[in-house]
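K.L.:
Sequence:
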Amino acid sequence: MSLLTPHLGFFVWTLVAFIVVLLLFKKFAWKPILKSLNERETNISN
50 MSLLTPHLGF
60 FVWTLVAFIV
70 VLLLFKKFAW
80 KPILKSLNER
90 ETNISN
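Number 63 in the working numbering belongs to position 14 of the sequence shown; there are no gaps in the numbering.
Just so you know, the hints here were simulated from the structure itself, not pulled from any lab data.
Here the structure is a predicted model, which means the values were calculated and not measured.
Do not rely on the hints blindly, as some may be mistaken.
Computed beta-carbon distance windows for the label pairs [unchecked claim]: (1) 82 x 52: 48 to 58 Å; (2) 79 x 58: 29 to 39 Å; (3) 53 x 95: 46 to 56 Å; (4) 58 x 86: 37 to 47 Å.
Note that beta-carbon positions come from the ideal geometry of N, C-alpha and C, so glycine has one too.
Let's have the full structure, built from the sequences with the hints guiding it.
P.N.:
The structure is reproduced here in structure tokens:
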């Protein structure tokens, strides 16, 4: 196996891990990040 030719199994597991992390990020981190950005924007504008 060459380093430049991706193995299908590695691709699938990388994709699964990326989707899991993306879903966890969306569920737990997205709202607090947006809230803090909105608070920061409000503080800067005032």
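K.L.:
A separate judgement is required for each hint: does it hold in the structure or not?
P.N.:
Here is what the structure says about each hint:
no.	hint	result
1	82 x 52: 48 to 58 Å	36 Å, violated
2	79 x 58: 29 to 39 Å	30 Å, holds
3	53 x 95: 46 to 56 Å	54 Å, holds
4	58 x 86: 37 to 47 Å	38 Å, holds
The structure does not agree with numbered hint 1 stated previously, though it agrees with all others.
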